[in-house]
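Visitor: Okay, here's what each chain looks like letter by letter:
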Amino acid sequence: MSLKLFSLRHLFKKPICVTSNQTTLYQNNVVSNLTNFSTSSIACVNFFNKLPAEKLWKSVTSVSNAGAKKGRGKGAGRIRIRDLNRGQVIGVGKINMLWPGLSAPVIRGRELLKQQRLPDDPERMEKLIKLRDSMTKFRRLKLSPIERGWSGARMPGRSIGPPDPIGDDEFTGFDTKVLQLRSLLIMKGTLGRTRNYQAMVVTGNGQGLAGFGFGKAKEATAALRKAKNRAGKKLMHFDIYNGHTIFHDFFTAFGKSKIFVQKKNEGYGLCCHRAIKEICQAIGIKDLRAKVEGSNNLQHIVKAFFIGLLQQRTHQQLAEEKKLHLVEYKAENEYYPTVVASPSVVRTKEEIPKDETLDFIQYVMNDKVILKRKKFPRFYETMPHYDIFLKKFERYRNHEKIRLNLKVEYGEVKSFLNDKYPEEKVESEA
Amino acid sequence: MSLFKLFQKNTKNVINHYNNLQITAISSRKLSILPSIYDGEQDPGPKFFSSGVQALLKRLTRPDFAKVFRKRTNSNLSVLRTPKYKFLTDEELKAEMSKANQTAARLLQMPPVVKVHEPINEVLSKDPALVGYDTSKYLFTDITFGVPNEHRLIVERNPDGTLQNCDHDTRKRLNQIYFPMQGRKVREPIMFADEEKFNGLLEAEKYEYILDRACIQYEPDEPNYQKITSITYQHVDMKTNFNLLRSTRHFGPLVFYLTWHQSMDNLMLELLQSGIVREAVLLMGLRHAIHEDITNADEVNVLVPQILPTPVQLTKPETLSEEDIQMDNKCVDCIAKYITNNSAMKSQQELALQGFREDYQQLVDLSRGLKKAHGNA
Amino acid sequence: MPLPPASGTGRYFVKAAKSIRLIRQGCTNRPFFHISVTHRKRLNSQPVIEQLGSYDPMPNFNNEKLVALNLERIKFWLGHGAHVSPPVAELLGLAGFFPIHPRSYMTAWRNRRTERENSEKQKEAEAAAKTADAA
Chain A
0 MSLKLFSLRH
10 LFKKPICVTS
20 NQTTLYQNNV
30 VSNLTNFSTS
40 SIACVNFFNK
50 LPAEKLWKSV
60 TSVSNAGAKK
70 GRGKGAGRIR
80 IRDLNRGQVI
90 GVGKINMLWP
100 GLSAPVIRGR
110 ELLKQQRLPD
120 DPERMEKLIK
130 LRDSMTKFRR
140 LKLSPIERGW
150 SGARMPGRSI
160 GPPDPIGDDE
170 FTGFDTKVLQ
180 LRSLLIMKGT
190 LGRTRNYQAM
200 VVTGNGQGLA
210 GFGFGKAKEA
220 TAALRKAKNR
230 AGKKLMHFDI
240 YNGHTIFHDF
250 FTAFGKSKIF
260 VQKKNEGYGL
270 CCHRAIKEIC
280 QAIGIKDLRA
290 KVEGSNNLQH
300 IVKAFFIGLL
310 QQRTHQQLAE
320 EKKLHLVEYK
330 AENEYYPTVV
340 ASPSVVRTKE
350 EIPKDETLDF
360 IQYVMNDKVI
370 LKRKKFPRFY
380 ETMPHYDIFL
390 KKFERYRNHE
400 KIRLNLKVEY
410 GEVKSFLNDK
420 YPEEKVESEA
Chain B
0 MSLFKLFQKN
10 TKNVINHYNN
20 LQITAISSRK
30 LSILPSIYDG
40 EQDPGPKFFS
50 SGVQALLKRL
60 TRPDFAKVFR
70 KRTNSNLSVL
80 RTPKYKFLTD
90 EELKAEMSKA
100 NQTAARLLQM
110 PPVVKVHEPI
120 NEVLSKDPAL
130 VGYDTSKYLF
140 TDITFGVPNE
150 HRLIVERNPD
160 GTLQNCDHDT
170 RKRLNQIYFP
180 MQGRKVREPI
190 MFADEEKFNG
200 LLEAEKYEYI
210 LDRACIQYEP
220 DEPNYQKITS
230 ITYQHVDMKT
240 NFNLLRSTRH
250 FGPLVFYLTW
260 HQSMDNLMLE
270 LLQSGIVREA
280 VLLMGLRHAI
290 HEDITNADEV
300 NVLVPQILPT
310 PVQLTKPETL
320 SEEDIQMDNK
330 CVDCIAKYIT
340 NNSAMKSQQE
350 LALQGFREDY
360 QQLVDLSRGL
370 KKAHGNA
Chain C
0 MPLPPASGTG
10 RYFVKAAKSI
20 RLIRQGCTNR
30 PFFHISVTHR
40 KRLNSQPVIE
50 QLGSYDPMPN
60 FNNEKLVALN
70 LERIKFWLGH
80 GAHVSPPVAE
90 LLGLAGFFPI
100 HPRSYMTAWR
110 NRRTERENSE
120 KQKEAEAAAK
130 TADAA
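Chains as they are written, first to last, in numbering that gives the first Met the number 0: chain A, 0 to 429; chain B, 0 to 376; chain C, 0 to 134.
It should be emphasised that the hints constitute simulated quantities derived from the structure, not laboratory data. In this text the structure is predicted, and so the values were computed from the model without any measurement. Every residue gets a Cβ at the ideal spot worked out from N, C-alpha and C, and that includes glycine. None of the hints are false.
Pairs of lysine-lysine, DSBU-like flavour, derived with a Cα cap of 30 Å:
(1) A:K424 - A:K406
(2) A:K413 - B:K184
(3) C:K122 - B:K136
Residues of chain B clear of chain A, computed beta-carbon distances all greater than 12 Å:
(4) P111
(5) P127
(6) G145
(7) N174
(8) E207
(9) T239
(10) N240
(11) R245
(12) P308
(13) M344
(14) L369
(15) A372
Assemble the whole structure, with the sequences as input and the hints as a guide.
Guide: Here's what the structure looks like:
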């Protein structure tokens with residue numbers, strides 16, 4: 000296709016060039032060029048200068064009705080109409096001439112300008128070609144990595160700012176993340192198939208307040224705005240344990256989507272579905288692990304996670320439910336038992352029925368157990384080359400440590416024997 | 000031993016000297032601290048391990064569980080772990096707490112204070128016919144399984160043909176080579192070997208780090224260990240940084256060291272200034288147990304067993320019971336006698352005691368008034 | 000386990016003759032020996048029955064040669080009638096576990112002799128140089 004374009008451009012230029020050449024020839028030095036003068040006739044009218052540019056472009060870009068139905072003339076190989084006159088100025092051409100009254104004023108200061116040839120501009124043609132090329136390429140919207148969502152320039156995962164203020168109340172510190180933006184097709188009696196957009200967003204201030212909302216509209220932006228403002232009206236408050244995680248592990252489900260959420264230590268991060276991650280960031284939860292089982296329906300996952308968060312119980316509530324002390328053990332504190340909550344009345348051992356679940360995790364998870372898949376050996380571990388590698392690697396197993404020790408002791412990799420038998424220094428500059 | 004006395008005198012002088020200067024300018028990197036080791040005729044071991052002294056030292060450590068079980072960066076965990084939770088009944092909680100107390104006792108177990116070891120110089124055989132066999136020494140280590148390090152058979156064959164038992168340094172090195180102890184290095188770490196670096200650590204007040212590392216690197220009866228710890232203890236004493244070592248396992252040996260070298264008056268002053276008179280009496284009891292030079296020893300001996308079962312004072316009490324007031328008054332009287340008869344820093348300690356008395360009187364009035372107001376009096 | 004452990008596999012034939020010998024480990028220009036018990040007819044490259052110690056023939060930074068001996072196991076294998084190779088017997092002799100091996104005495108004596116001869120030669124050379132200077 001580019002070949003076609005090139006030939007087209009070449010042909011376009013030709014008549015112009017011919018005329019300009021001739022004019023210059025006549026005006027500059029007629030006598031010297033008389034030797035090259037030919038008497039054969041030149042056909043100045045042809046297909047390309049007989050028709051206007053519009054019609055010429057149409058002939059190149061148009062697709063037949065049948066072809067358009069098949070989807071031709073779209074996508075990457077599509078030809079676009081370009082204005083080839085862009086960048087061309089009357090009076091400026093290949094040969095850099097100064098035309099008083101056309102490309103320059105007649106009188107500059109008190110001086111009368113004369114028609115003269117200026118030195119050639121070698122980059123003129125390149126600039127023109129570049130300008131023309133810039134019109135052909137289709138630029139995809141490029142986002143900075145910070146603005147980017149989950150995938151490229153698509154909306155899910157992108158931030159769309161705080162909800163619009165309601166009256167005088169502004170949503171300061173809030174940020175909204177798009178979780179889902181999809182088009183819905185609806186059949187209407189009069190209009191046939193129409194396109195609607197549905198958006199799901201979550202908004203939160205990162206300090207416990209968050210909410211999610213849906214919005215539907217004919218346009219994507221309108222749907223997002225609706226969803227955002229609806230989310231702002233449906234804020235919920237969540238307590239965050241020690242400012243970084245949830246209060247306890249929990250199991251939650253909505254429809255066929257099941258989520259197993261685990262409380263984690265500080266610095267663990269968010270190890271979960273990307274939508275759950277965005278929700279956690281909106282709420283202000285920093286450490287958590289969540290496993291989604293069953294259906295991957297995004298709306299169900301979001302709803303299930305919010306329900307689960309709302310159904311959390313504080314340590315005091317748990318202790319009261321069980322009528323037992325709730326004690327926390329941390330490895331970094333040598334497993335010192337810290338009583339985090341005590342009930343008003345504590346049961347004794349005799350009062351606890353035999354079949355009661357006393358295990359904390361089992362109790363808060365509602366007797367659900369996370370499926371832990373069996374770890375299979377890596378694909379290479381059963382291959383013979385891995386055995387060979389292990390055998391070869393056996394002799395290097397301590398080298399790293401020894402090098403480090405030598406560097407600590409001597410400042411470089413050498414032994415005490417190097418003082419006695421110094422090694423020849425290799426010239427590093429060579 | 001004259002050397003020992005010289006050391007003792009020196010340390011005392013140093014400390015007194017600094018006290019007189021009110022610890023003003025100690026900014027110089029070169030510290031004029033002389034190391035001292037337990038190498039006198041008297042062995043500190045039996046006194047240190049006696050149950051009475053151990054109880055006193057443990058109580059003087061003032062164990063605060065918040066500090067004992069604090070988050071440690073030097074534990075074997077490279078990352079934090081998710082906390083575990085349990086539902087416990089009252090009895091189970093009590094059992095867990097007693098278990099935690101045992102853990103605390105383990106964490107607070109004091110490094111032993113013993114006399115420095117005697118050099119080993121035991122020739123097993125001499126064989127002049129072996130002269131010239133080799134120019135280097137042969138070291139033979141028996142690596143039989145299950146033999147403790149101190150009883151391991153380690154002998155050397157010298158180039159002159161003598162076969163003898165190795166000295167402590169070599170023994171330690173070979174034990175470390177064949178039976179490595181985690182954290183211990185075969186060569187002395189730079190932080191101990193390089194005086195500049197060691198002083199830098201002291202200046203940065205990383206006492207616990209120094210002492211912990213020394214516990215791993217050295218044996219308690221090594222002269223190097225005792226030198227390093229003595230310098231650290233004296234530095235702590237000089238800067239009155241006792242709180243940095245409180246509720247760690249090193250506080251007991253520190254107090255023992257200071258008392259052994261008759262320089263615990265700085266600690267006494269710190270105790271009086273912070274208003275913990277009971278521990279001051281315990282310190283007197285410790286001095287009596289070690290040196291037996293307290294004039295009002297009977298009083299102290301009566302008070303100490305009364306004080307020991309009382310709970311540790313971590314914060315200032317808000318209300319006082321009558322028994323507390325009685326006991327504290329007794330303690331104050333006892334300390335006043337000590338100051339007049341035994342103290343080396345009379346004026347300062349008297350001043351501190353006076354300040355305590357005034358504060359205490361206010362507290363007593365307040366608590367009595369409160370009781371009256373509540374109608375319990 | 001990618002390689003059989005150098006410290007031995009523990010598999011052996013009860014009635015076959017055993018031998019306690021040095022087995023070279025280490026690498027080029029850096030000898031290091033294991034003192035191991037193995038079948039007498041077995042090659043040194045084959046897995047041994049049990050490692051009984053080690054011997055580093057290169058003096059360390061303190062000019063010492065380190066030898067480790069598991070005396071309990073050595074006694075056990077000696078009791079089973081294991082043959083001891085001369086280098087190991089020499090080491091055990093130096094350690095005071097065996098009587099000094101005659102070869103140790105011979106080596107010492109030869110070393111002393113060469114040293115004596117060398118010093119005599121040096122003296123002669125010096126004397127010759129002196130006479131040459133005088134002349």
